[in-house]
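Enquirer: Chain order of the listed sequences is E and S.
Numbering-wise, numbering that gives the first Met the number 0 puts 105 at position 106 of the first sequence, and it's gapless, one number per residue.
Numbering-wise, numbering that gives the first Met the number 0 puts 147 at position 148 of the second sequence, and it's gapless, one number per residue.
These are computed hints drawn from the structure, not numbers from a lab.
Please note that the accuracy of each hint is not assured.
Unchecked claim - Not everything, but these chain E residues come out facing chain S in the computed CB check (under 10 Å):
hint, residue
1, L99
2, L133
3, L222
4, L227
5, P231
6, P232
7, G237
8, P251
Unchecked claim - A partial selection of chain S residues facing chain E, derived with a Cβ cut-off under 10 Å:
hint, residue
9, I159
10, V162
11, L163
12, F294
To be verified - Residues from chain E that keep clear of chain S, each with C-beta distances beyond 12 Å, as calculated:
hint, residue
13, P41
14, P48
15, N49
16, L96
17, H111
18, L118
19, I139
20, L279
Here a beta-carbon is modelled for each residue, glycine too, at the ideal position from N, C-alpha and C.
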Amino acid sequence: MSVAIPNVPARTSRRRGILTSRKGRVGFAILLALIAIAAFAPLIAPHDPNAIDAARILAPPDLAHPFGSDALGRDVLSRVIYAYRVSLGVAVGSTLLAFLFGVPLGLYAGYHGGWVDTLIMRPIDMVLALPALLLAVALIAIIGPGSDVALLAIAVIYLPILARVVRSSTLVVASQTYVEAARARGTPSRRIITRHVLPNAIGPAIVQATILMGFALQIEAALSFLGLGAQPPTSSLGVMLADGRDFLTQAPWIEIFPGVAIAITVLAFNFFGDGLRTRLDPRGVAR
Amino acid sequence: MSPRGRFIVRRLLLAIPVIVVMSVFVFLMIHLVPGDPVQTMLGFRATPHNVATVREQLGLDRPLLAQYLTWAGGLLHGDFGQDFISHAPVSTLLAQRLPVTIELTLLSMTLAVLVGVPLGVRAAARPGAVRHLSEGLVIAGIAIADFWLGIMLVLLFAGIWQVLPPSGYVPLLKDPIQNLRYLALPVVSLAFGETAYILRTTRGAMDEVLGTPYISFLRAKGIRERRIVYRHALRNAAAPIVTVVGIQFGVLLGGAIVIESLFALPGVGRLIVTSIQQRNYVVVQGGVLVVAALFILVTLLTDVLVGWLDPRIEEGAAA
């Protein structure tokens with residue numbers, strides 16, 4: 000099936016902004032705020048996240064502690080902010096790592112086809128034939144738990160997805176006349192790939208990676224909740240959820256707020272990714 | 000052989016290399032553990048004598064290829080090795096736990112299909128309130144992590160209203176009613192995101208089919224809208240829905256690892272997690288292998304079913 004990719008006028012349209020939808024702009028704004036919270040955690044957190052206060056054990060939310068206190072009397076809001084920093088770091092890091100390796104692989108497989116394609120894509124399809132979370136858990140079983148291992152594991156399950164997306168958009172771009180023309184002119188294939196194919200084929204992968212970044216936060220939380228991600232004293236949102244479980248009915252605020260933080264982040268990345276689609280993945284808009 | 004038969008055989012043959020490669024990966028797990036896996040497994044109990052005994056038991060002192068062949072040969076006979084903590088055969092552990100995981104994932108998928116498909120069809124057929132509702136459900140399904148939903152459901156149903164147990168398990172054959180009471184919250188937690196996904200897929204597929212000329216033709220013929228939607232359109236939208244159900248089964252199997260741990264369900268997922276914590280690698284290997292094989296089997300069945308629903312796929316494969 001050949002679908003014509005509209006020749007996106009690169010410079011002229013950029014001035015009107017890359018986010019054409021309101022949903023996309025809302026997502027972007029929320030993301031900026033969340034990234035700022037993570038980046039400036041020490042300035043924003045109202046209390047020391049590790050300060051133990053015997054007088055405030057499992058204390059409900061009040062003005063000074065809007066998210067309440069945990070089993071050691073520590074301020075939940077401050078703890079969420081610091082844990083969020085770790086979780087977001089893992090989510091962004093893992094997706095970027097997968098992008099960095101997945102995009103070139105998909106690009107080469109799609110452009111060269113033939114045995115190069117087989118050599119690259121067969122192992123990738125093998126990985127896709129396994130349940131993603133099972134694969135992540137199996138990797139952690141080998142290397143041992145930790146937030147850096149969780150980052151790596153998420154990257155491993157994301158890489159095949161991104162490679163597949165890039166490969167299919169590369170197949171379309173590589174059959175375009177301008178690529179054929181470049182080839183006829185005798186342009187070296189490396190130059191064709193970096194100059195002509197990559198810029199036109201990478202859009203859908205950027206959209207996909209943006210959305211995956213949000214879901215990475217859910218995966219990180221799940222792994223940490225199982226005790227397979229971040230290890231004490233490092234706290235991530237999943238670690239908080241695991242720690243607060245025993246006090247669920249007495250102090251539900253310990254469990255509610257980390258989950259809400261995850262949900263907001265997933266949605267923001269989703270909206271932002273969808274917003275990018277209009278410009279970066281015009282064929283995917285209808286979906 | 001008919002094209003349909005050829006397609007099925009071809010698909011079966013394609014599954015073999017996947018299973019072989021997966022078994023190699025699972026086999027190598029124990030060898031990829033940094034340091035000495037036996038030392039790590041035994042921890043403080045590791046006297047040089049113990050280490051040597053366990054290493055010999057596991058056959059780790061033999062050449063790699065010979066080890067793999069013995070191990071894979073054992074698998075073919077249902078021998079998954081021995082749990083070095085309880086000394087029970089791993090196959091026995093898996094046989095006890097697999098039914099729980101299968102029941103959990105099957106019930107979740109059934110619930111997701113039973114809610115997601117009709118809502119998706121209605122959202123496509125009659126835009127309006129249902130469409131808005133479905134939009135909200137899809138957004139919630141994306142945003143809410145399954146295990147966090149599980150925690151919140153425990154808070155409400157077990158903590159505040161106290162109508163369902165917070166965790167635990169009773170076997171289905173022992174007491175079906177209690178069994179369902181224990182599974183209600185895990186199933187809903189696992190099914191929620193899936194429902195949203197299936198709803199969205201169904202709605203998309205139905206939107207597409209309902210826009211085609213032959214539907215307009217059926218309408219022009221005066222056939223009742225209900226009949227058009229359910230008899231004609233849904234049948235043609237079935238292939239993508241079935242495909243998604245098959246793929247998403249893997250997501251459920253992965254999610255089951257977390258949900259089983261959260262609700263203390265004695266399934267394979269929880270077995271894997273506790274075995275990782277105990278560095279009980281032989282059991283981890285068995286668990287990973289069984290869950291992966293289950294998923295490969297499901298995708299296989301899905302592909303055959305989709306080929307049956309959509310004959311164009313067979314032709315494409317036979318060409």
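Enquirer: The structure should be examined with respect to each hint, and the outcome stated for every one.
Expert: Against the structure, the hints come out as follows:
no.	hint	in the structure
1	L99	23 Å, violated
2	L133	5 Å, holds
3	L222	9 Å, holds
4	L227	7 Å, holds
5	P231	14 Å, violated
6	P232	19 Å, violated
7	G237	9 Å, holds
8	P251	5 Å, holds
9	I159	7 Å, holds
10	V162	14 Å, violated
11	L163	14 Å, violated
12	F294	5 Å, holds
13	P41	27 Å, holds
14	P48	21 Å, holds
15	N49	24 Å, holds
16	L96	19 Å, holds
17	H111	22 Å, holds
18	L118	14 Å, holds
19	I139	7 Å, violated
20	L279	20 Å, holds
In terms of the numbered hints stated before, the structure departs from hints 1, 5, 6, 10, 11 and 19, listed from lowest to highest.
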